[in-house]
Amino acid sequence: MTDLAAAVCSIALTKRRRFFWAAWWTAAPIAKPFRKPDASHGGAATREDALAEAEAASGRSLVVIDGRWARAWSRILRGQEPWTARDAKGDDRRTTAPTGAPSTTSIWTTLGVPNDATVADIKAAFRKRALETHPDHGGDPARFTALKRAYEKALARREEAERRPRRRRA
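Heads up: the sequence shown begins at 916 in our numbering, then just goes up one per residue.
There's no promise every hint is true.
Straight-line C-alpha distance at most 30 Å; calculated DSBU-like pairs for lysine-lysine [to be verified]:
1) Lys951 <-> Lys930
2) Lys1043 <-> Lys930
3) Lys1038 <-> Lys1068
4) Lys1038 <-> Lys930
The hints are simulated quantities; they were obtained by calculation from the structure and are not laboratory data.
Note that the structure is predicted; figures quoted are calculated from it, not measured.
Based on the sequences and whatever the hints tell you, model everything.
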């Protein structure tokens, strides 16, 4: 078995807003004829989860490459040609990771509640903001996704705080 200088993983967003990954670690991916990946799988909720699954399958760390390779393999699995006109041009706008620094907006600011808000306040704020940001109501998908993640994190923090034993003050 040969080793690449760097094992690679391609991650693509699916129509159902999940992440499909394909990884090559024995040899580099080749466009013509298309080289089958060493492993692939779909259904991860986040890009990070997809990369973690791929690294677990390969048993090594992987370098992320553009998503057109995973999309090509996905099309082959569906019985289609691997490359579209967009992929032939190298246009990968749909799956590239956002550039720049990650957002520094707190989950509380995203939800529009103070950091000591109750679960009921968090749920009410989420419902209100979801109507404003949901793509079905003319909102931005990225803003809605950020809102949903903030909501899930806020609820998880409240549940964790409720499970944690309280300290008694002397």
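Verification of the hints:
no. : hint                : result
1   : Lys951 <-> Lys930   : 22 Å, holds
2   : Lys1043 <-> Lys930  : 26 Å, holds
3   : Lys1038 <-> Lys1068 : 12 Å, holds
4   : Lys1038 <-> Lys930  : 28 Å, holds
No hint from the list above goes unmet by this structure.
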